[in-house]
Amino acid sequence: MKLRDIAMGANASMYYRLDFKKIRGVYYPRNETEVLDAIAFAREHNYDVTPKGGGSGLSGACTGGNRHRVMLSSLQMAEILTISKDQGYVDVQPGATPDEINALLEPMGMKFYVAPSSRDIATVGGILSTDGGGNDTWESGTMRDNTLRVRMLTYDGRQLIVDWDGVRSNDPELEEKLNKRGMTIHDVASSHGTLGFITEVRVAIKPLSTESVASALAEFEDYDALGQAIVQMIERKSPIRYGEAIVMAHPDVREDLNPPLLILEFVEDYEEELKEFIDIRKLDADEVERMKDVRIKLPKRNPKEGNQVALFEGYGFHGDSLRNMQRSLDEIDSLLIRRDLTPFAKYGHAPSKWYLGNNSPAYGLVMHSREIRPEGKSGEQIFGTVLDIVEKCEELGVTPKPEHKWPFSDKVKKSRMEELREALGVGFNTFILGNDCDSVLSSMV
Amino acid sequence: MSYDKCVRCGSCVKFCPLFDAVGEEQFSPRGKMYMLQVMDQIEEDEELAKEFRRVLFQCSLCGRCTDVCSSDVDLLRVWHEQRAKAIETAPEEFAHLDALRDALANVANIYGLDPEDRAIYWLDELEEEMPDLSDHLYEKGKTADNMIFLGCLMSFRASQLDVLRSLFTTLEKEGVDYLIMGAEEFCCGHPLYLMGDEKGAEELRQHNKSVIQDSRANQVVTCCPGCLIQLSQHHNLEDIEPLHHTQYFDRLFGSAPKYEQKEDFAYHDPCELHRILGIKTEPRSLLKKLGVEYREMDLSCCGGGGLLRMTDPDLSDKIIQLRAARERLAASTVITACPSCREQLLGNGNKTKDIVELLSDAIGGSE
Numbered sequence: 001m002k003l004r005d006i007a008m009g010a011n012a013s014m015y016y017r018l019d020f021k022k023i024r025g026v027y028y029p030r031n032e033t034e035v036l037d038a039i040a041f042a043r044e045h046n047y048d049v050t051p052k053g054g055g056s057g058l059s060g061a062c063t064g065g066n067r068h069r070v071m072l073s074s075l076q077m078a079e080i081l082t083i084s085k086d087q088g089y090v091d092v093q094p095g096a097t098p099d100e101i102n103a104l105l106e107p108m109g110m111k112f113y114v115a116p117s118s119r120d121i122a123t124v125g126g127i128l129s130t131d132g133g134g135n136d137t138w139e140s141g142t143m144r145d146n147t148l149r150v151r152m153l154t155y156d157g158r159q160l161i162v163d164w165d166g167v168r169s170n171d172p173e174l175e176e177k178l179n180k181r182g183m184t185i186h187d188v189a190s191s192h193g194t195l196g197f198i199t200e201v202r203v204a205i206k207p208l209s210t211e212s213v214a215s216a217l218a219e220f221e222d223y224d225a226l227g228q229a230i231v232q233m234i235e236r237k238s239p240i241r242y243g244e245a246i247v248m249a250h251p252d253v254r255e256d257l258n259p260p261l262l263i264l265e266f267v268e269d270y271e272e273e274l275k276e277f278i279d280i281r282k283l284d285a286d287e288v289e290r291m292k293d294v295r296i297k298l299p300k301r302n303p304k305e306g307n308q309v310a311l312f313e314g315y316g317f318h319g320d321s322l323r324n325m326q327r328s329l330d331e332i333d334s335l336l337i338r339r340d341l342t343p344f345a346k347y348g349h350a351p352s353k354w355y356l357g358n359n360s361p362a363y364g365l366v367m368h369s370r371e372i373r374p375e376g377k378s379g380e381q382i383f384g385t386v387l388d389i390v391e392k393c394e395e396l397g398v399t400p401k402p403e404h405k406w407p408f409s410d411k412v413k414k415s416r417m418e419e420l421r422e423a424l425g426v427g428f429n430t431f432i433l434g435n436d437c438d439s440v441l442s443s444m445v
Numbered sequence: 001m002s003y004d005k006c007v008r009c010g011s012c013v014k015f016c017p018l019f020d021a022v023g024e025e026q027f028s029p030r031g032k033m034y035m036l037q038v039m040d041q042i043e044e045d046e047e048l049a050k051e052f053r054r055v056l057f058q059c060s061l062c063g064r065c066t067d068v069c070s071s072d073v074d075l076l077r078v079w080h081e082q083r084a085k086a087i088e089t090a091p092e093e094f095a096h097l098d099a100l101r102d103a104l105a106n107v108a109n110i111y112g113l114d115p116e117d118r119a120i121y122w123l124d125e126l127e128e129e130m131p132d133l134s135d136h137l138y139e140k141g142k143t144a145d146n147m148i149f150l151g152c153l154m155s156f157r158a159s160q161l162d163v164l165r166s167l168f169t170t171l172e173k174e175g176v177d178y179l180i181m182g183a184e185e186f187c188c189g190h191p192l193y194l195m196g197d198e199k200g201a202e203e204l205r206q207h208n209k210s211v212i213q214d215s216r217a218n219q220v221v222t223c224c225p226g227c228l229i230q231l232s233q234h235h236n237l238e239d240i241e242p243l244h245h246t247q248y249f250d251r252l253f254g255s256a257p258k259y260e261q262k263e264d265f266a267y268h269d270p271c272e273l274h275r276i277l278g279i280k281t282e283p284r285s286l287l288k289k290l291g292v293e294y295r296e297m298d299l300s301c302c303g304g305g306g307l308l309r310m311t312d313p314d315l316s317d318k319i320i321q322l323r324a325a326r327e328r329l330a331a332s333t334v335i336t337a338c339p340s341c342r343e344q345l346l347g348n349g350n351k352t353k354d355i356v357e358l359l360s361d362a363i364g365g366s367e
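Line by line, the protein sequences give chains A and B.
Quick note: the first sequence uses our numbering, first residue 1, plus one each step.
Quick note: the second sequence uses our numbering, first residue 1, plus one each step.
Among these hints, one or two may not hold up.
[What the hints assert, rightly or not] Each computed BS3-like pair below joins lysine-lysine, with the alpha-carbon atoms no more than 25 Å apart:
1) B/K280 - A/K111
2) A/K111 - A/K85
3) A/K292 - B/K5
4) B/K14 - A/K297
5) B/K280 - B/K353
6) A/K292 - B/K14
Derived from the structure by calculation, the hints contain no laboratory data.
This one's a predicted model, so the numbers in the text were calculated from it and none came from an experiment.
Chain A extracted, bound-state conformation (with noise of 0.2 Å):
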């Protein structure tokens, strides 16, 4: 073993204590061909692949769970290769990040509107594995609506095309196969690693936004009339250009915030109509930019005592559960409570879109969250607070967004890839859709 196996299990998520004798291999590939090297390695010793990014994610898929395997990290494959301003697109190397790739798009004026919290390390490889947004989805979508073309290659070394058409691969049965399921990029997206090594990813750019905007903040009385006035935002398909909501801050971090809480930007002209249905306060540019500061770095703020945990993400509030966010927000922070886990900060993207796993679009906010860990609580009994999340918002109608709960809820996701690793083959991330995944994933908190 090398220090350079152990630090591949580096992440963000709370999964992050593996066994790392199973890491049979680390490869930092630069090139389509040194990934196939990789790979062909990983199946002389039939050792699982696992793929990992810049490691931002918090379902801990870039772990690859506890089986023998080689990880592949994309970090040294993060080269921008082509831009075409005239029709829109970027083709990346999948390591690049929505910050590097926007510091070479600005001076030309283009942009590339996919903009997740973690924009400064998670790469669109990731990004797309996960089908992350951030506070663009409102306007431009999540990952998969962003993305143009893919490049990947599957367990035994053959390449695919996927697009929004279908694929090509350079093995005409495998193609055929594919495109008769019904594969597109809409399949990669979600698929969290499981059905090969993305090598490049051709994004749309669209021009730097030229309109006036301003910005406001919005305090709400309650959790209901946060998410009541989030609906209205969505049925008036309001012009929301930045909005990210601060739901609850525990007071080691609430500073003078005032939450529930929406930080806004929108069209000028859409001032007046906002004001019909909330109570905004403008604020200038100064204001403005600390509050976006101040909610980016939220997540990764501490309390004074103890350590703060990212047990669960991506409660998708939407539809009732949206109209009603006190019933459930009460209830979540019962459980957690029952739990010894006190709740840290909650926050997230409104309004804002995701995918559910048949692929039709959610439109609400996306929240996150953070509580402080308990002492004296072993790891299964996190894990274990992590599934009892899972049924509560199943009975509440809170959708969790695919990107983090794959293996829970999402049965018909979970059942594509499988279908799609049938003709794919397996070998990549296959504790994911392991009978064992809950298990496996207990182990590693």
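Chain B: place on chain A using the hints.
Below, chain B alone, put in the same frame as chain A:
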């Protein structure tokens, strides 16, 4: 433990010059924090533990990780503590640092040279131009408003001579009351501090403190940010204000003659100066007073700090090569304010000037 607070978000990874140079996670701040968090799983493996101790010294201690961290982790402090622990745990693995420690213990400079020579090298070179310079060398009984602390690099390296010339020329022209510690100067202790040897560093500091206090100086001025960290944060110089030379001159010059610029300049912020000491305004203020036009660069490291030049010179070289390429420095002259950054830039074949060189030229110091 501070490293327990790391949430492994990865925001530090892409800012790290070592990760940038190598591209593998074990060199990144997150990677190292993570290894500390799972140390109970790996410390029994002797080879892994040894590798970890080594990677702690493959770091320039630029502090950018601490800067970007939103989780209240004092990464720099963790690195210092872990380095001390590493050397204590396995001193034999750090035998390559023994020569440095011995040199500092025996002759109080990093080069192992005769302490009497601390003033000789540059004095010999400058005496003809400035015959009275030797009068400013400290001896017991002499006092002055300002004590000049040169540091080991500036005292012994020929590559620093132009900076010294400009520094003394400016001080002379402005009629500043000053002494130079000269042979009485001991190393500030920064290299020992960087390896966690507080005891060794403290012995050096005690001597320097005593000399500076005896001189009755109100201020001690240095061109070296590393020395300034030691003087301001670890020497306990009560009632004596340690200053970087850019701070000193920015105060001294309310306005300055315009520098006749022919160069395309870029300004390189020394990490220890701007990030660890928080001195970013005064260098720029001085450049503005001189009417110097320059471009700002990304606030990344030159690779010269953290003992990296000694513990992994190849990595140190790679960092400055990447920086120079990324910032297109081949056709520019890099303004800086640190002897270590200067050494890195010159070593990479880049043109560089210290701010005091521009100041000296502007005030006609060479006349």
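Outcome of the hint check:
For the proposed pair B/K280 and A/K111, the alpha carbon gap of about 32 Å is over 25 Å, so the pair is violated. Pair hint A/K111 plus A/K85 holds up; C-alpha atoms about 10 Å apart against a cutoff of 25 Å. Between the alpha carbons of A/K292 and B/K5 the distance comes to roughly 23 Å, so the proposed pair stays at or under 25 Å and holds. A threshold of 25 Å between alpha carbons decides the hint, and for B/K14 with A/K297 the separation of about 17 Å falls inside it, so the pair holds.
Proposed proximity of B/K280 and B/K353 is supported: the alpha carbons are some 17 Å apart, at most 25 Å. For the proposed pair A/K292 and B/K14, the alpha carbon gap of about 21 Å is at most 25 Å, so the pair holds.
The earlier numbered hint that this structure contradicts is number 1, and it is the only one.
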